[in-house]
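Construct the entire structure; sequences and hints are all you get.
Protein chains in written order, with UniProt numbering: chain R, 1 to 217; chain X, 1 to 220.
Hints were generated in silico from the structure; no laboratory data involved.
Each hint should be verified, as a subset may be incorrect.
[What the hints assert, rightly or not] If you anchor each label on the Cβ, the simulated ranges turn out as follows:
| no. | chain 1 | residue 1 | chain 2 | residue 2 | range |
| --- | --- | --- | --- | --- | --- |
| 1 | X | A126 | R | P44 | 36 to 42 Å |
| 2 | X | D150 | R | Q133 | 29 to 35 Å |
| 3 | X | D165 | R | S33 | 33 to 39 Å |
| 4 | X | F125 | R | K142 | 41 to 47 Å |
[To be verified] Pairs of lysine-lysine, PhoX-like flavour, derived with a Cα cap of 25 Å:
| no. | chain 1 | residue 1 | chain 2 | residue 2 |
| --- | --- | --- | --- | --- |
| 5 | R | K208 | R | K158 |
| 6 | X | K48 | R | K158 |
| 7 | X | K193 | R | K142 |
| 8 | X | K38 | R | K156 |
| 9 | X | K193 | R | K42 |
| 10 | R | K144 | X | K210 |
| 11 | R | K156 | X | K48 |
| 12 | X | K42 | R | K145 |
| 13 | R | K195 | X | K38 |
| 14 | R | K145 | X | K38 |
| 15 | X | K144 | R | K142 |
| 16 | R | K42 | X | K144 |
| 17 | X | K42 | R | K142 |
| 18 | R | K145 | X | K193 |
Just so you know, even glycine gets a beta-carbon here, dropped at the ideal spot from N, CA and C.
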Amino acid sequence: MAAVKIYGKPISTCTARVLLCLEEVGAEYQLVSINMPSGEHKGPAHLARNPFGQIPALEDGDLVLFESRAISKYVLRKYKESGTDLLKEGNLAESAMVEVWLEAESQQYNPAISPIVYQSLIVPKMYGGTPDQAIIDSSLEKLKKVLEVYEARLSKSKYLAGNFFSLADLSHFPFTRYLMITPYASVFESYPHVKAWWEDITSRPAFKKVSAGMLGS
Amino acid sequence: MASVTVYGTPLSPAVSRVLACLFEKDVDFKLAPVDMAKGQHKSPDFLKLQPFGQVPAFQDELTTVFESRAICKYICNNYPEKGNQTLMGGRDGDLLAQTSVDQWLEAEGQSFNPPSSALVFQLAFAPMFGFKQDPAAIEQNEAKLANVLDVYDRRLGESKFLAGDDFTLADLAHLPNGHILVSKNEDLFMSRKNVGRWWEEISARPAWKKVVEMQNAPQG
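Below is the structure:
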């Protein structure tokens, strides 16, 4: 199959989510860099790929896609013959759980963790600004409540959707990877099953490869 | 045969998202109320169904599912022969159609939902529950939502529905917050020609009208 093109940056969390899927299925891909500081993501060429002016976008022949979780599913379905099944679409009950915990990442985990990463890492590093501690503190409280739920879940289940690694687990990687290089990494210490799950998923070769392209590696 | 139970109140946007899907799919269900005022959503029994203590939760003979968008997808997958056949982008195997639905459902979840939910809270729920409104939050979120709706307006100038020619879950997902926002400030949607056309069409669907009837009925 011809290589898919990904428009984005390896240091970008949402681009990393897609790169992880490509690495997990062993697909050939080409990463085309989008120059954020110069505003390339808001220019007409990129807006034609992603009308919200964000990265990543995927191009596969005539197909153009945006939203990293949708791109991830496309990649995983396209390359399902690779033998890596992170969606479990052949099994109704299992695929339901993958969707549930992917939505939990999307709607519970991400809104709590991303302001912490944004304030403590992106604001100072990319914009030379000062982190807003009030936002960080209130987000940490939200994150702890989410981690309590995850701790209970991962005490009964090796991975989030069941006893199999899936897109639901993978989707948590990028922002958690960045939390781990902030002073707030220690929040995971209070949740031993979550910590063990994190250590397990980050030992995967795909994770190590994508992690190497991110900040603080 | 109703082996399907949805836990929650039709007044919750997330619950109503699931109800819309069930009506579109013609799947019978039982609605089990959850008394949020009495904290039933945080009770140990309910937390077994939905560990984040939120509504909706969904149960059928196969499994228990939570997160409204996951529930909607599950309903489509588990009842493929019933009701609306194109909610997930057409028949099995049409990867491109399914992917388009996924993309626009993500756009709803990541771009439309945060500002629209914040506005729904400020404009509808805050007054209902006696919280003070925050004018700055209203202004900020209206501006964010306006940007999103501008993108939608361009898309809907090229495409009948968000994901393509058919009404899908991607459109359906917008009904709950859209309904409340249009009732408070119809200008947001209706001042944009294509968004207005799209909104009138999707909100007129019989399945959505049934949900609105449930919302307007005396809540027991």
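For each hint, the structure was consulted:
no. : hint                           : result
1   : X:A126 with R:P44: 36 to 42 Å  : holds (40 Å)
2   : X:D150 with R:Q133: 29 to 35 Å : holds (33 Å)
3   : X:D165 with R:S33: 33 to 39 Å  : holds (35 Å)
4   : X:F125 with R:K142: 41 to 47 Å : violated (19 Å)
5   : R:K208 with R:K158             : holds (20 Å)
6   : X:K48 with R:K158              : holds (18 Å)
7   : X:K193 with R:K142             : violated (39 Å)
8   : X:K38 with R:K156              : violated (29 Å)
9   : X:K193 with R:K42              : holds (24 Å)
10  : R:K144 with X:K210             : violated (39 Å)
11  : R:K156 with X:K48              : holds (13 Å)
12  : X:K42 with R:K145              : holds (13 Å)
13  : R:K195 with X:K38              : violated (35 Å)
14  : R:K145 with X:K38              : holds (21 Å)
15  : X:K144 with R:K142             : holds (23 Å)
16  : R:K42 with X:K144              : holds (16 Å)
17  : X:K42 with R:K142              : holds (16 Å)
18  : R:K145 with X:K193             : violated (42 Å)
Checked against the numbered hints given earlier, this structure breaks hints 4, 7, 8, 10, 13, 18; the rest are met.
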